[in-house]
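Protein sequence lines, in the order shown, are assigned to chains A and B. Everything in the first sequence is counted per the working numbering, starting at 1 for the first residue and increasing by one. Everything in the second sequence is counted per the working numbering, starting at 1 for the first residue and increasing by one.
For the record, the hints were derived by calculation from the structure and aren't laboratory data. One or more of the hints may lead you astray.
[Unchecked claim] To give a feel for the contact side, a few chain A residues facing chain B, derived at Cβ under 10 Å:
#1 F3
#2 S33
#3 L35
#4 P39
[To be verified] Derived DEER-like restraints, expressed as beta-carbon distance ranges:
#5 B:A125 with A:L35: 16 to 26 Å
#6 A:L35 with B:K40: 46 to 56 Å
#7 B:L15 with A:R23: 39 to 49 Å
#8 A:L35 with B:V41: 36 to 46 Å
#9 A:Y6 with B:K52: 21 to 31 Å
#10 B:S167 with A:Y6: 32 to 42 Å
A virtual CB, placed ideally from N, CA and C, is assigned to each residue, including glycine.
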Amino acid sequence: MLFWIYWLMAVLLMALTIRELWRAPNWRTQLASALVLLPLLLRVLLFK
Amino acid sequence: MKLRALILLVTVVALAIYAGLEFRASRIDEPLYPSASLSKVMRLSEFDASLKNSRADTEIYEFGRQDGGATVLVLGGTHCDEPASYIAAYLLIENIALDHGRVLIVPRANRSALSHTTIGEAHPATFDIPLKRSVRSFRMGSRYTNPLDQWPDPEVFVHVPSGQELSGADSRNLNRSYPGAADGNFTGRIANAITELVKRERVDLVVDLHEASPEYPVINAIVAHERAMECASIAVLDLQLEGLEFALEPSPPNFHGLSHRELGDHTATHATLMESANVSQGRLRGRTNADLVVSGLDSMYVRAARINMTRVPYDEQGIPLKVRVGRHLAGFAKLVNAFSQLNPEIAPALSGIPTYDELLQNDLGAYLDPHDHP
Chain A
1 MLFWIYWLMA
11 VLLMALTIRE
21 LWRAPNWRTQ
31 LASALVLLPL
41 LLRVLLFK
Chain B
1 MKLRALILLV
11 TVVALAIYAG
21 LEFRASRIDE
31 PLYPSASLSK
41 VMRLSEFDAS
51 LKNSRADTEI
61 YEFGRQDGGA
71 TVLVLGGTHC
81 DEPASYIAAY
91 LLIENIALDH
101 GRVLIVPRAN
111 RSALSHTTIG
121 EAHPATFDIP
131 LKRSVRSFRM
141 GSRYTNPLDQ
151 WPDPEVFVHV
161 PSGQELSGAD
171 SRNLNRSYPG
181 AADGNFTGRI
191 ANAITELVKR
201 ERVDLVVDLH
211 EASPEYPVIN
221 AIVAHERAME
231 CASIAVLDLQ
241 LEGLEFALEP
251 SPPNFHGLSH
261 RELGDHTATH
271 ATLMESANVS
281 QGRLRGRTNA
291 DLVVSGLDSM
301 YVRAARINMT
311 RVPYDEQGIP
321 LKVRVGRHLA
331 GFAKLVNAFS
341 QLNPEIAPAL
351 SGIPTYDELL
361 QNDLGAYLDP
371 HDHP
């Protein structure tokens, strides 16, 4: 159960980060969002 | 702006797939090439159904058959950062021949622990053993079950049934989890399945293969439960007569969760465990890489040995993997011989296992080459 709670949290954080990536005012914030996205994506895809 | 976001998103997905493929590779079992004496391959889930289709559902290789001879169980890969344990088990699987009796080999006892490395140890993902015309890669794992399979750790791990308290991380340590329980945590159920295997298959002798750092007190040793002490004593004397220094350690009665203690107490088997010296586990080591795992040579340990900081002799030759595997195989052969001396009516007849000297002379690759066994 905890496993799936953790997974859902990662999905939620990923959705928020993608929204930030889209709305970011400059390229630095966009790049930072993209870097945050990487481990979240690995987590959500159950790679890690 | 939107285009840049899209490019970044595509780049991140591509990187995730690239990294993900490397992670995924760590979950695919390395192929093994069993000898002609193989009778069948069972799975651990046959002894605890809750493990079915999980990462703990590992193979149990059966050699020989129940013909009135003794049954011997070899456990490799209980701790997967102790490569001599599973390489010795792989080598047995690929070379053993049996005329009488039965040998069961679980080469990846904690298969989940072989799917990751321990954070902070800088261990390589794989290491190579040279063959005659190529190399064969083997995975390096962790002492602990993968947190993807068991998470989070408790603050304090309370062992069942003794009530002994250990650090939380030891809840993922197979060799602190015996005898295990069917309703226990993931690692406890692996231990339960192995305990059930020992009971149902009427295993007479268990040899659990391990390694430890050169500064650890129980090293180059055979640890034995009280019932196995006579057998282990004969084996250690035989090994010493052949020039291999082995210590004999009694299984501590009040240290619970270990295979030699709990399998001895909860089943009728003769439970033993062997330790060799592995610098890639040591706290004093320098650069940690695949070469260190195979060569066992570390300049920091050479210096440590000069000031008597190691429990085993250590010099510029190091303690290579072939020496450690050779010690495990020699110890295994002597334990089986000693058991046969004490129980001649059920003595198993084994062959095909290289001696310590043969292994040093021919190297590991000669016995792990799928196309070219001596």
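Evaluated hints:
At its closest, the beta carbon of F3 of chain A sits 7 Å from a beta carbon of chain B; the interface hint therefore holds under the 10 Å criterion. Here the hint on S33 of chain A is kept, as its CB sits about 8 Å from the closest CB of chain B, short of 10 Å. Hint status for L35 of chain A: holds, given a least beta-carbon distance of 8 Å to chain B, under 10 Å. Using the Cβ-Cβ criterion of 10 Å, the hint placing P39 of chain A at the interface with chain B is satisfied: the shortest such distance is roughly 9 Å.
Distance hint check for A125 of chain B and L35 of chain A: the Cβ-Cβ separation is about 23 Å, which falls inside the suggested range of 16 to 26 Å. Taken as a hint, the range 46 to 56 Å holds for the pair L35 of chain A and K40 of chain B, whose Cβ atoms sit roughly 50 Å apart. Taking the beta carbon of each, L15 of chain B and R23 of chain A are about 22 Å apart, not inside 39 to 49 Å as hinted. Range check, L35 of chain A to V41 of chain B: Cβ separation about 45 Å, and the 36 to 46 Å hint holds.
Between Y6 of chain A and K52 of chain B the C-beta distance comes to about 23 Å, which sits within the given range of 21 to 31 Å. A hinted range of 32 to 42 Å for the beta carbons of S167 of chain B and Y6 of chain A is inconsistent with their spacing of about 22 Å.
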